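Peer 1: Residues per chain are reported as follows:
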Amino acid sequence: MPAISFTEVTKVFDAGKNTGTDSGRPAAVRDVSFEVEQGQFVVLLGPSGCGKTTLMRMVNRLIEPTSGSIDVEGREIHDIPVTELRRHIGYVIQQVGLFPHMTVAQNIAVVPKLLGWPKSRTEQRTDELLDLVALPPAEYRKRFPRQLSGGQQQRVGIARAMAADPAIMLMDEPFGAIDAITRTDLQDELLAIQRKVSKTVIFVTHDVEEALRLADRIAVMRTGTVVQYGRPVDLLTHPADDFVRALLGTNDVFRQLSLVPVRAIMESGQLSAGKPDITVQADQNVRAALAVLIAHDVQEAAVVDKSGKTIGRVTLQRILDEGAHEVAEARAPDTGT
Amino acid sequence: MDFTYFSTHQSDVATQFGQHIELTVITLVLAMAIAVPVGTLISRFPILYTPLIALFGIIYTIPSLALLAFLVVYVGIGRTNAIIALVAYAQFILVRNVVVGLRNVDPIVVDAARGMGMSPLQIMVKIKYPLALPVILGGVRIAAVATIAVATIAALIDAGGLGQLLFEGINNGNNSEIEVGAAAVSLLAVLADIFLRVVDHFLPASRAGATH
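Residue numbers (our numbering), protein chains in the order written: chain E, 1 to 337; chain Y, 1001 to 1212.
Be careful, since some hints might not be right.
Covered stretches of chain Y (in silico footprint by chain E; criterion: 3 or more residues with CB under 8 Å from a CB of chain E, positions within the stretch not fixed) [what the hints assert, rightly or not]:
(1) 1099-1113
(2) 1117-1123
Simulated pairs of lysine-lysine, PhoX-like, Cα-Cα distance not exceeding 20 Å [stated by the list, open to error]:
(3) E/Lys-113 x E/Lys-142
(4) E/Lys-309 x Y/Lys-1126
(5) Y/Lys-1126 x E/Lys-142
(6) E/Lys-142 x E/Lys-119
(7) Y/Lys-1126 x E/Lys-119
Keep in mind that the hints were calculated from the coordinates and are not lab data.
From a predicted model like this one, the values you see are computed outputs, not experimental measurements.
Beta carbons: idealized from backbone N, C-alpha and C, even for Gly.
For reference, chain E alone in the conformation it holds in the complex:
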């Protein structure tokens, strides 16, 4: 059973209310269908106004779909009382939204309290979560949000969202307002947390680097529709259209090559006789393989598996063709492969 499934979800905001005119507005989200598997980290990626936040906010009914259905853990979201639905879905937003009149511990305890947890359990959980987000409980428990840096506030925001151990987390550009260095730290920590607790995450961002770093699956959105949904490497190597290609910056050959494993582009057969015996690992990325070829000034290398057995070969020509064909295509469409 998928953790979340979207079925023909459409959202049209009331035109009269928002624009003061009665001319029809285009749908903010149009006919979106896809499934999110349990424990997967799914990034909704797209430019601002593409409907990614709207789509995310429909999962916990902060925005009601105009039509279509959303199932969470096999139940349609409207079959669950809305407060109960929300208490079982973690919610993290860019501006954090900590309650300024409550201490860090009180903020984290909000949902456990709503769920009627005993005090001792809530306290234990609070300390556990503060440890998880690398804020020593003894030092931070009693602080007020104003006494924390932006990065620390968002750590508390994440801890608060995870307080009642929800299976699903919704995260709306959680690191968007945080400086680049702290952002990278937080991304690393989020990945580490995710490896430990394995939540189903829907993460909204317009930052391509962030999406590529974090995602198991990326849903690329444009003008309310999902234009492509798949693994990051698939999006890079087989972008569905020019929009995905441009958005992912497929022009950046090196980044693209660094995300593709050698295994994906190797050819069968042995090296031609008499060539020096250069090898690359099948699990290495193509960028590393390219470096090996250049360093040894050769046209091809043998591909070996973990045991050192030769399982194919990789050629410079193939790397150029496969790794960079999107670039060639983007620049001069008629020369594409």
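Chain E is fixed; fit chain Y onto it per the hints.
Peer 2: Using the frame of chain E, we list chain Y on its own:
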């Protein structure tokens, strides 16, 4: 300054001081009981803001003596008359502060509360009121001082309080009585102001620096 009246009439002054406090406290409690629901209603339906604030504004501009005298026609003289007038005056200040306090609550914080599964009532009680409280209390502070001042005049319609000393003193040409009365009213106003500032200092929202 001549406070000889105080040494000869200590218990009278104490009684009137007590009456004045009572009048002020009853007024503020009743006024809040009206202003909080009305302010909440306005923050929910902003269209009500202009007509209701205009109405309270008009009441607020009526000279206090005129309002007290006018009410004599309907409720007679005495404390009830005074309390009705004082509650009506306080609405302008209190309702406005309740509305502003609620409006200033960061919508992001409210969005987070909704997203976490708080019901509308829980959002009101646990988030919006506590965060609006410093602003609301600021209104109470202003209203308290204004009430103490207007309540002085209410002595004219037999509502008791420190105003009695002033009017008696004027009638009898007793300067010491006037001075004691004036000093006592001023002292009460200052004490009320200080007390409410101290209360504000201990509010969670103020302590956390949540409002400016």
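Peer 1: Evaluate each hint against the coordinates.
Peer 2: Right, here's what the structure says about each hint:
1. For the stretch 1099-1113 of chain Y, the assignment as covered by chain E holds, since 6 residues bring a beta-carbon within under 8 Å of that chain's beta-carbons and 3 suffice.
2. Counting residues of the stretch 1117-1123 of chain Y whose CB falls under 8 Å from any CB of chain E gives 4; the rule of at least 3 is met.
3. Taken as a hint, the E/Lys-113 and E/Lys-142 pair is honoured in the structure, with Cα atoms around 17 Å apart against an allowance of 20 Å.
4. A threshold of 20 Å between alpha carbons decides the hint, and for E/Lys-309 with Y/Lys-1126 the separation of about 65 Å lies outside it, so the pair is violated.
5. A distance of roughly 18 Å separates the Cα atoms of Y/Lys-1126 and E/Lys-142; the hinted pair therefore holds under the 20 Å criterion.
6. Pair hint E/Lys-142 plus E/Lys-119 holds up; C-alpha atoms about 16 Å apart against a cutoff of 20 Å.
7. Distance hint between Y/Lys-1126 and E/Lys-119 is fulfilled; the C-alpha atoms sit about 18 Å from each other, no more than 20 Å.
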